[in-house]
Amino acid sequence: MNDMEGSALIQLRDIRKAYPSGNGELEVLRDISLSVNEGELVAITGESGCGKSTLLNLIGGLDRPSEGEVLSCGFPVSRLSEKALTDYRNKSLGFVFQFHFLLKDFNALENVVMPALIGGEKKSRALDRGAELLDRVGLGERKDHFPSQLSGGERQRVALARALINDPRLIMADEPTGNLDEKNSRLVEEILFELTREFNKTLLLVTHDPVLAGKGSRRLHLTQGGVQEL
Amino acid sequence: MKFRSAAAIAFRSFRRNRRRGRFNSRPLLGALAGVALSLIPLVVVINISEGMIEGIVDRFLETDSYHLQIFSYTDKSEGDFRREKEAVLSLEGVNHAWLERQGAGMAYSEEGKTGVAVRAVERTIREEDGGFRRYIQVKEGAFDLSDDRSVVLGEAIAAKLQVHPGDQIKLLTGKVFPGGRYIPRVTPLTVTGIVSSGYQEMDRLWVFITYEAGDRILSPETSRTVLGIKAQDPYGDLRDLINRIGAVSEGPNWRAYTWEALNRSDLNSYQTTRSMLMVIMAMLVLVAVINVSSSLIMLIVENRQSIGILKCLGTSPAGIRRIYRLTGLFVGIGGALIGCGTGVLISRYVNGLVAFVNGTGRLVQRLLAPLTGGAAREFSLMNAAHYLQEIPVDIQWDRVVAVGLGAALLSWITSAVPAARAGRIRPLDVIRKF
Ligand SMILES: Nc1ncnc2c1ncn2[C@@H]1O[C@H](COP(=O)(O)OP(=O)(O)OP(=O)(O)O)[C@@H](O)[C@H]1O
Ligand SMILES: [Mg+2]
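Keeping their order, the protein sequence lines are chains A and B.
Our numbering applies: residue 1 is where the first sequence begins, and numbers increase by one.
Our numbering applies: residue 231 is where the second sequence begins, and numbers increase by one.
Think of the hints as simulated: they come from the structure by calculation, not from any bench.
Predicted model only: the values in this text are computed from it and were never measured.
Just so you know, not all the hints are guaranteed correct.
Said to hold, decoys possible - 25 Å max Cα-Cα, derived BS3-like pairs, lysine-lysine:
#1 A:K104 x A:K143
#2 A:K122 x B:K232
#3 A:K183 x A:K215
#4 A:K83 x B:K405
#5 B:K369 x A:K143
#6 B:K405 x B:K369
#7 A:K123 x A:K143
#8 A:K143 x A:K83
#9 B:K232 x A:K123
#10 A:K122 x A:K91
#11 B:K369 x A:K104
#12 B:K390 x B:K369
#13 B:K405 x B:K306
#14 A:K83 x A:K123
#15 B:K232 x A:K91
#16 A:K122 x A:K104
#17 A:K143 x A:K91
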């Protein structure tokens, strides 16, 4: 096991997460300790409801653990202020969800460059890089199209380009192909792995698809008992 | 988040979405229209009330109250008044001084009769006094009081009596003897002119005769003589002039009053009416501005998902708040520009608009006449008797701009509440929904 290594990009220490439920509480994660190194492509599998998304949300600073500590990209995520968290999410993270979560009032290119603009980058520079990334995901011709004019697979590719625009160290993908048909799933997966490898990103990928899970460099299985390396 | 990005995101809410073929937020445009509409009456009132009050006051000063009036508390002869007049005329800052005898009477012709205010004035008042000439317009004949048997009538009186220059009328005045015995006196007079002061209330009352005729037919008990002064600057400080008049007056019991003192209750009531109008209209604007804030809440509910996404992508709560405060500000600015612009345009052409509405109304009235059997009264948007015949417009740019800025600023301030709500939206709640 390498969870004590100092160069780890992500470190989870004795994480417990419980939600209040009725008059008691629902414990979703217990005693989770985990370490992920820079450049690893980690696939996470597990039954529905076992807490995979919850885990990603804790690492992404969208939620806080009930106990334990989350360190990621050099930040003590579980202890950061709301303001510092937004900065962490902007600079160090790229999210891709099952649902594309593109902004409906903005076209493909504008959606891609949004994190860069939020981060205060110059618009012209951001647009140049955004156009390049759209080319890389095969949507160079669709820059001015709005989300409503794109197919499900195309939207996920735009979301992927958006996740990469700020050159984050960590990409988190929560069932990115969960809503896609076979053909589109393969296309999005291919691009996801190709780009994360090429840009040397660390990837946390939640998936139900064993084939896809096998494509990573490391595989984790989440159960009620904890995490297992496969 | 930088201002420019926040502004760009805020502004997107106003853009027409090509695919959806509608504006991104109708409530927002509704709120904008509300601000604009509420500003229009306020701006119009601002632009015409000043001119209206000024116009009314100026007319009063020049035709009715003079700038200063000198009364005597004891019986004074015409000679005393003439000497006082000469003394006052020698003062610097005095343009004219006119003797006037004011009384009441009843004018009648074969066609009708009406109660009148008799103004016995010096023959040359209209010739020499530019202010009087400006506002007393001759409608028929001439303002000719060269003969003691001449009379000049207000337009509404002439209409009522159905007389024209050259016709005769009779003026009934009276004398009260000790013990209360009243002796009527009838004086035949020849109409030489018909005039209008532009203020119908006055045109219904005034008949002008010569000072000498007035002296003869108006009894001291029911009339009074005043010395009306026209100063160089009626709107300046008249107290100094009053002091100097006191110094040159011969004997005691002369008292001078300024037009402000004489018209105080009228002036106050104009100002109060205007203030009340403004308060009511400012409240309309306030309601419209609060509506901006509630439409923002609708927009935020509609945009919950986008807000969650923006937060996921690294927008801080402050950044989200900034976006929605800017959105509110844009609504305010847009509403202010449209509202103030339209208000100024309407003010600018208000006379034409009133004429148009009156004309249309009368046309409709005439077309409907066979059905209604003819209306009792001619259609009129405003009761002309209480207003000037022409509304004086004076565009008060500074106030219009202040009101517009105020509305925009208020929109920005009241946006704080919905913006704070948007800032508190948790990204997780949005993301878990899918
Ligand atoms: N805010 C919440 N309040 C209460 N319970 C919650 C909340 N969020 C998640 N849960 C519960 O926590 C458990 C884990 O949820 P999570 O979404 O992490 O599962 P998952 O492994 O991602 O499942 P799936 O594969 O279906 O996406 C579920 O039982 C869920 O109902
Ligand atoms: Mg999940």
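Satisfaction of hint between K215 (chain A) and K183 (chain A), Cα-Cα up to 25 Å: 17 Å, holds
Straight-line alpha-carbon gap K123 (chain A) to K143 (chain A), limit 25 Å: Cα-Cα ~15 Å, so holds.
Satisfaction of hint between K232 (chain B) and K122 (chain A), Cα-Cα up to 25 Å: 10 Å, holds
Given pair status - K91 (chain A), K143 (chain A), alpha carbons within 25 Å: 23 Å, holds
Given pair status - K143 (chain A), K104 (chain A), alpha carbons within 25 Å: At roughly 14 Å apart (the allowed maximum being 25 Å), K143 (chain A) and K104 (chain A) satisfy the hint.
Proposed proximity, K91 (chain A) with K232 (chain B) (alpha carbon, max 25 Å): 15 Å, holds
Distance restraint between K405 (chain B) and K306 (chain B), which requires alpha-carbon spacing of 25 Å or less: 18 Å, holds
Pairwise hint evaluation, K83 (chain A) against K143 (chain A), where the allowed Cα distance is 25 Å at most: 31 Å, violated
Agreement of K405 (chain B) and K369 (chain B) with the hint, judged by alpha carbon distance not exceeding 25 Å: Roughly 33 Å between the alpha carbons, so the hint for K405 (chain B) and K369 (chain B) is violated.
Agreement of K83 (chain A) and K123 (chain A) with the hint, judged by alpha carbon distance not exceeding 25 Å: 23 Å, holds
K369 (chain B) paired with K143 (chain A) [C-alpha distance capped at 25 Å]: 75 Å, violated
Straight-line alpha-carbon gap K83 (chain A) to K405 (chain B), limit 25 Å: 93 Å, violated
The earlier numbered hints that this structure contradicts are 4, 5, 6, 8, 11.
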